[in-house]
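*Asks:* Each chain, letter by letter, is given below.
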Amino acid sequence: MIEIQNITKKYGKKTVVNQVSAVITEGRLTAFIGSNGAGKSTLLSIISRLLKPDDGKVIIDGTEVLAWNQEELSKRISILRQSNHMNLRLTIWELVSFGRYPYSKGQLTEEDEEKIKEALEYTEILDLKDRYLDELSGGQRQMAYIAMVIAQDTRYIFLDEPLNNLDMKHSVQIMKILRKLVDDLGKTIVIVIHDINFVSCYADHILALKDGMLIKTGEKKEIINSDVLSGIYDMNIQINTIDGKDICIYYT
Amino acid sequence: MTRNLIRSRTDKRAAACLIILAAIAAIAILLFIFQGLNQNNFDFNFPRRIKKIAAMILVSICVGYSSVVFQTITESRILTPGVMGLDSLYLFIQSFIVYLMGAEKLMRMNSSLHFILSVGAMMAASLIIYRLVFRAEGFNIYTLVLAGMIMGTFFRGISSFLQLLIDPNEFSILQGSLFASFRNINEKLLGVSCIIVAVSLFFTRKDISRFDVLGLSKDNAISLGIYYDSLIKRTMLVISALTAVSTVLVGPVTFLGILLVSLSREILKTYRHRYLIPGAVFMGIISLPVGQFISERLLSGNATVSVILNFIGGIYFIFILLKESRR
Chain A
1 MIEIQNITKK YGKKTVVNQV SAVITEGRLT AFIGSNGAGK STLLSIISRL LKPDDGKVII
61 DGTEVLAWNQ EELSKRISIL RQSNHMNLRL TIWELVSFGR YPYSKGQLTE EDEEKIKEAL
121 EYTEILDLKD RYLDELSGGQ RQMAYIAMVI AQDTRYIFLD EPLNNLDMKH SVQIMKILRK
181 LVDDLGKTIV IVIHDINFVS CYADHILALK DGMLIKTGEK KEIINSDVLS GIYDMNIQIN
241 TIDGKDICIY YT
Chain B
1 MTRNLIRSRT DKRAAACLII LAAIAAIAIL LFIFQGLNQN NFDFNFPRRI KKIAAMILVS
61 ICVGYSSVVF QTITESRILT PGVMGLDSLY LFIQSFIVYL MGAEKLMRMN SSLHFILSVG
121 AMMAASLIIY RLVFRAEGFN IYTLVLAGMI MGTFFRGISS FLQLLIDPNE FSILQGSLFA
181 SFRNINEKLL GVSCIIVAVS LFFTRKDISR FDVLGLSKDN AISLGIYYDS LIKRTMLVIS
241 ALTAVSTVLV GPVTFLGILL VSLSREILKT YRHRYLIPGA VFMGIISLPV GQFISERLLS
301 GNATVSVILN FIGGIYFIFI LLKESRR
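Top to bottom, those sequences are chains A and B. The first sequence runs 1 to 252 under full-length UniProt numbering. The second sequence runs 1 to 327 under full-length UniProt numbering.
Everything labelled a hint here was simulated from the structure, so no lab data went into it. None of the values given here were measured: they were computed from a predicted structure. By construction, the Cβ of each residue, glycine as well, lies at the ideal position given by its N, Cα and C atoms. The reader is advised that the hints may include incorrect statements.
[Unchecked claim] Okay, the calculated bits of chain A under chain B, using three or more residues with CB under 8 Å as the criterion:
#1 70-76
#2 85-91
#3 96-106
#4 231-245
[As the list claims (entries may be wrong)] As a list, the in silico PhoX-like pairs of lysine-lysine whose alpha-carbon atoms are at most 25 Å apart:
#5 K206/B <-> K75/A
#6 K10/A <-> K245/A
#7 K57/A <-> K129/A
#8 K10/A <-> K218/B
#9 K117/A <-> K180/A
#10 K105/A <-> K269/B
#11 K105/A <-> K188/B
#12 K180/A <-> K105/A
#13 K129/A <-> K233/B
#14 K75/A <-> K129/A
#15 K52/A <-> K233/B
#16 K117/A <-> K12/B
#17 K180/A <-> K75/A
#18 K105/A <-> K233/B
#19 K57/A <-> K218/B
#20 K12/B <-> K105/A
#21 K75/A <-> K12/B
#22 K218/B <-> K52/A
[To be verified] Chain B stretches covered by chain A per the calculated footprint, using a threshold of three residues with CB under 8 Å from any CB of chain A:
#23 22-30
#24 205-215
#25 219-229
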């Protein structure tokens, strides 16, 4: 279980995250939603220890995040940021094998190889394993990064806008993989996501942020609701039920 | 526990290239030592050449290691300690200590002691550089290159100014032992230098595989369990010590580092530091005697080794700048 207590982060005088407290429950897909600049990515970075908060604590499985032995912690949580500009020229296999670093420190064992292969099969890019990342489409590259995180085999997985710049096919494919990770392997996944309909169709739990504050938290059913969403996004959002799925219509 | 070392194709290729580089480096060393040696001049030349080549190997290790690693921690293909003016900073520190303590006192002092004092000061200064480079978020890489160039010129200027302030008689005595060049290699400090290099590399030997992960990006490295801040700080300390060693042995060679690291990358085509670092070191061991040969034989001493290396390295640097800006 991950507990967030009174997290505050300021950039200069601007408070980006303001006294946020929440609990992220295990075995669920939690989505952080909100407008641009609401503090979602910053909060995600703080929880996953990429950023240090100015105030507040993050407690992962009973121990504060910075008190954890980082090498042990990397077997328990993994994070993928949205921009993955890289200087290195790597093949997919090489990239994904980095996911095993917490376990093998660069010397792959047979077990590591097996895990890498599984991750590549999970993301359906095994046949591309010897291709270089810079030869791939944006969607395939994102799949490779997701595969790296899967190979890291952590209980908690954090993803910062994993669908950014992807086409519908890859977006759906990624969300299905995440769903499978939660349902079949019992992983706990937290994502920052903009497309509200992906949240509505694939997430379990929602944390809504606005101007750095946590304004609403609850099960998907409670949040995917015209009044609540209008409050979060400051725009009129209609909900239609199509084939049993709540679809938000906001193209006014 | 069975620990199979599973190697990919790129690894095998890199290992093969590395063996070839090592062989060429060995030939370069032997040529440097035995070229033109006969029974008459053996006693005179042999020990001098051994010392000289030892210094060159040590400089190659320092410059090769620090340049590869500096590029990794700054996530750039352009910055090296030389480009950032770290060697000029060392010259400045050295001159400053001479100025403060007075040359006379220093002459009586053990030169190794003075060296160690300078290395200590250099390591402290590098932590300030660390703040400049790593804490100033949103600094673009070209700003850093520019800042480094200015810093290099600035420190070199200040150190020549300080040298003017030192009594000329005392300075001329000190000059030989303090301000080295390839023609005037500081052999007295070879022993201490060896110890400093060996100790720094021994204590950070486990970092080699961490640098591979760092190459992915800061965020990914933290996610994979690297203690980012302490690794960067530790590495900056090692880099500054190694830069001090190479500068004290042969003086500053601004563009040698960029040459070694880029050639190593081009040839080995790998991201693994366990290949890249030796690759850069071997390139150094090959190019320094060759530079010496060009300087002494082809140009009959009209251009020094550092001038030649800076000329070639500088052109290469511009080439890399253009290539990177197009990406």
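*Asks:* All hints are to be evaluated individually against the structure, with a verdict given for each.
*Replies:* Now for the hints, and whether the structure bears them out:
1. Counting residues of the region 70-76 of chain A whose beta-carbon sits less than 8 Å from any beta-carbon of chain B gives 6, enough to reach three: the coverage restraint holds.
2. With 7 residues having a Cβ less than 8 Å from any Cβ of chain B, the region 85-91 of chain A passes the three-residue criterion, so the hint holds.
3. Residues of the region 96-106 of chain A lying with their CB closer than 8 Å to a CB of chain B number 6, which satisfies the three-residue condition for coverage.
4. Only when three residues or more bring their CB closer than 8 Å to a CB of chain B does the claim for the region 231-245 of chain A stand; here the count is 0, and the claim is violated.
5. About 19 Å separates the Cα atoms of K206/B and K75/A, which keeps this hinted pair within 25 Å; it holds.
6. Distance check on the hinted pair: K10/A and K245/A sit about 38 Å apart at the alpha-carbon level, beyond 25 Å; violated.
7. Between the alpha carbons of K57/A and K129/A the distance comes to roughly 40 Å, so the proposed pair goes past 25 Å and is violated.
8. A hinted pair counts as satisfied when its Cα atoms are at most 25 Å apart, and K10/A with K218/B qualifies at roughly 21 Å.
9. Between K117/A and K180/A, the direct Cα distance comes to roughly 17 Å. Compliance with the 25 Å bound is thereby established for this hinted pair.
10. Among the hinted pairs, K105/A with K269/B is consistent with the structure: their alpha-carbon atoms are about 21 Å apart, no more than 25 Å.
11. Note on K105/A and K188/B: the hinted pairing is violated, with a Cα-Cα distance of about 40 Å set against a maximum of 25 Å.
12. With a C-alpha separation of about 28 Å, the suggested pair K180/A and K105/A falls outside the 25 Å cut-off, and the hint is violated.
13. For the given pair, K129/A sits about 35 Å from K233/B by alpha-carbon distance, which is inconsistent with the 25 Å threshold.
14. A distance of roughly 24 Å separates the Cα atoms of K75/A and K129/A; the hinted pair therefore holds under the 25 Å criterion.
15. A threshold of 25 Å between alpha carbons decides the hint, and for K52/A with K233/B the separation of about 18 Å falls inside it, so the pair holds.
16. Only pairs whose Cα atoms come within 25 Å are accepted, and K117/A paired with K12/B is accepted, the gap being roughly 21 Å.
17. For the proposed pair K180/A and K75/A, the alpha carbon gap of about 20 Å is at most 25 Å, so the pair holds.
18. For the suggested pair K105/A and K233/B, the alpha carbons sit about 21 Å apart, so the restraint of at most 25 Å is met.
19. Restraint check: the Cα-Cα separation between K57/A and K218/B comes to about 22 Å, which is no more than 25 Å; the hinted pair holds.
20. Note on K12/B and K105/A: the hinted pairing holds, with a Cα-Cα distance of about 19 Å set against a maximum of 25 Å.
21. Straight-line distance between C-alpha atoms of K75/A and K12/B comes to about 29 Å, which puts the hinted pair past the 25 Å bound.
22. Of the supplied pair hints, the one linking K218/B and K52/A holds, its CA atoms being roughly 14 Å apart against a limit of 25 Å.
23. With 0 residues bearing a CB less than 8 Å from a CB of chain A, the region 22-30 of chain B misses the requirement of three and the coverage assertion fails.
24. Counting residues of the region 205-215 of chain B whose CB lies closer than 8 Å to any CB of chain A gives 4, so the stated coverage by that chain holds, three being the minimum.
25. Counting residues of the region 219-229 of chain B whose beta carbon lies closer than 8 Å to any beta carbon of chain A gives 8, which meets the minimum of three for the stated coverage.
Against the hints set out earlier in the document, violations occur for numbers 4, 6, 7, 11, 12, 13, 21 and 23.
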